Amino acid sequence: MYDVPNSERTVTATDTKIAAKGVQVYYGDTHAIKDVDVQIADKTVTAFIGPSGCGKSTFLRCLNRMNDTIDICRVEGDIHIDGEDIYDKRVDPVQLRAKVGMVFQKPNPFPKSIYDNVAYGPRIHGMARNKAELDDIVESALRRAALWNEAKDRLQAPGTGLSGGQQQRLCIARAVATEPEILLMDEPCSALDPIATAQVEELIDELRQNYAVVIVTHSMQQAARVSQKTAFFHLGNLVEYDDTNKIFTNPTDKRTESYITGRIG
Amino acid sequence: MTDATSASAPASQPPRIGSILHESDRTKRRNAAERRFRLYGVIAISIGMLFLAALLFAIVRNGIPAFTQTYMTLQVELPADVLDENGNRDPEDLRKVSTFGYNPLIAAALERTVSEAGIETEITDGSDLRDMLSSAAGAQLRDTVLANPDVIGTTQEFRLLASSRVDGYMKGRVDRESLARDPNLSPEHLDVVDGLVDAGAINRSFNWPFITGSDASESRPEQAGMGVAILGSFFMMLVVLVLSLPIGVAASIYLEEFAPQNKFTDFIEVNISNLAAVPSIVFGILGLAVFIQFAHLPQSAPLVGGLTLTLMTLPTIVISTRASLKAVPPSIRDAALGVGASKMQSVFHHVLPLAMPGILTGTIIGLAQALGETAPLLLIGMVGYIATNYPDGVASGFLDPNSAMPAQIFEWAKRADPAYYERAWGGIIILLVFLLTMNLIAILLRRRFERRW
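Taken in sequence, the protein lines are chains V and B.
What the first sequence shows, in the working numbering, is residues 1 to 265, in sequence order.
What the second sequence shows, in the working numbering, is residues 1 to 453, in sequence order.
Chain V on its own, in the form it takes in the complex (with noise of 0.2 Å):
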């Protein structure tokens, strides 16, 4: 159904990364997550997919308790991240997120320069002894999300002056550079034109060697090209939950069916 190569395939860690067990989230009165399992590997892109309102977000800000911003929602059930129950009274929520890097849907870079919003993390976090250290880590992960050759030359200038691509790869920069062992993606590219999404996508596959990456997408051609395991939800529920290549060419669900091949959703 969709053209994927066969050598992307391979799923190269199987270690769990994240496991969630009976997640259930409620908007108020709204039951908006669904009695959710699902187990998410380390080094692996996985994709959550779904029409709108689904719960796909709202279940990738369980991960990283982005959800206690938000006063009227509560979130029952087990998750737990290298089997540390993250919902735990004992868990900072803070250095939680230290943890678990995020990328938003719309590029939000700080109004400061391109390299104090990459620097912002590890400054907080003291990661840092000195400028030297601090240049380093800011190179890097500038590297890593591809935006270094293009930023080198103006690493002072204002970081809401990139374009909407470079946004969002200061964005993924910033976010790699406190070192998480994961990153959350709340759909990374659906702001972003043809091309820029063509790099981000190849960024989300580099970042595979190093972290456990889960992404939200609306563009099922971006779930198959980057993941290696994709979560279909529907309702709240999560419906089926396989290999990428399974869920887009023989899905065990009627509705997983349905959504992939344009007829709900």
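Because the hints were derived from the structure by calculation, they are not lab data.
Worth double-checking, as some hints may not be accurate.
To be verified - Short, incomplete list of chain B residues facing chain V, as computed with Cβ under 10 Å:
1) Pro260
2) Ala327
3) Pro329
4) Ser331
5) Ile332
6) Ala336
7) Leu337
8) Gly338
9) Val339
10) Lys343
11) Gln345
12) Leu354
13) Pro357
Bear in mind that the values here come from a model prediction, so they are computed numbers and not experimental data.
Every residue gets a Cβ at the ideal spot worked out from N, C-alpha and C, and that includes glycine.
Assemble chain B onto chain V, guided by the hints.
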């Protein structure tokens, strides 16, 4: 049939139904309504501009004369036998000669000057001529002598304040007709004044004492100035700034970023909005009850004025600060939280700097409002106090009785002498200059901070 249609067609060319080349009735009505509305708008703006122009014209016309002052230059002999009977220049002895003791010297100097200038007048008595000068002239001489006793026994040149009537005559406020009913000066005096002007002994110059000086008693409007009241306002604004900015900003940040959304915070929110609309006199009576009657702080003190105005300014600052915090896009907060910043870090590193221009603008607008506020000052005794003394220092600036600019203006407007009326307008110009300066600072700060993308 065919005839009828072919005949009528070229005659009037009725518009084709649905043609966009012709305005339909609906469109005509709609366009007319829009034109009418624009006209109302232009009329409203014009009326507003007219009032503004009238206001500015009145202020400038009535207030500008207060900025010049008439002086009389006199050679005054300072004889030792009058000023220092014992001849030992002992400051204690010199001080015993009161300002009235100097009046004969002035009178003599006047007589001499008038006769030297060759002015013919029926007023020959020097003490009568003395009416042309301010009653403060004696004090002016005495202060010079006390400051430098060496001048005793010499003849010195003095620039002495002319009386308010002479000043008014020079400015065209007073004429011979109005003086006919005035016991303070007679029309004959004006002949002398004309002569002295010709002789160069009377002239007008810029009135620095009006800006820097202190208030004077009701009979000496020519001596009254705003200086002490400006200081009173300054110390009050200092109190307001130091208290309301941190309290207001901290309260807004907490309410906007940290406080849980519940009935209680809703209640607080409603109350803050309502407080902003409470008449200022209510804050005045609150200040009277709490700060003066309960806390026993000194009456008429800028500290109390500042505290009272802080109460009044806080809601303004809280509302504008919360509005500018709200205007910061939530994506910035998400971004900061997403890289593992704490709530507080996200607020202080990212949200607050972005909200800064709005906060500063709100604060300065609040301060400007407080600067022009008169009603609360009525109740804590800062109106009606004659601010004749400069504060001795910072502590005395806060705690000694003083007035404030708007209170001083009100006080002058209340007094009967038309010379004070002129000073009141002049005071308004000074107050407006301060307000405009503050607004200018607000604009500059906003520009300065907004430049950073």
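Hints and how they fare:
1. Pro260: holds (7 Å)
2. Ala327: violated (13 Å)
3. Pro329: holds (8 Å)
4. Ser331: Because about 4 Å separates Ser331/B from the closest Cβ in chain V, which is inside the 10 Å limit, the hint holds.
5. Ile332: The hint holds - Ile332/B has a Cβ within 10 Å of chain V, the shortest such distance being about 6 Å.
6. Ala336: For Ala336/B, the interface hint holds, since the closest Cβ of chain V sits about 8 Å away, which is under 10 Å.
7. Leu337: Since the shortest Cβ distance to chain V is 6 Å, the answer is holds.
8. Gly338: This hint holds: Gly338/B lies near chain V, its Cβ roughly 4 Å from the closest one there, short of 10 Å.
9. Val339: For Val339/B, the interface hint holds, since the closest Cβ of chain V sits about 4 Å away, which is under 10 Å.
10. Lys343: holds (8 Å)
11. Gln345: OK, holds: Gln345/B within 10 Å of chain V, min 6 Å.
12. Leu354: Holds: closest Cβ of chain V sits about 7 Å from Leu354/B, inside 10 Å.
13. Pro357: Hint violated; Pro357/B Cβ to chain V Cβ min 12 Å, cut 10 Å.
Hint compliance for this structure: hints 2, 13 are broken, all remaining hints hold.
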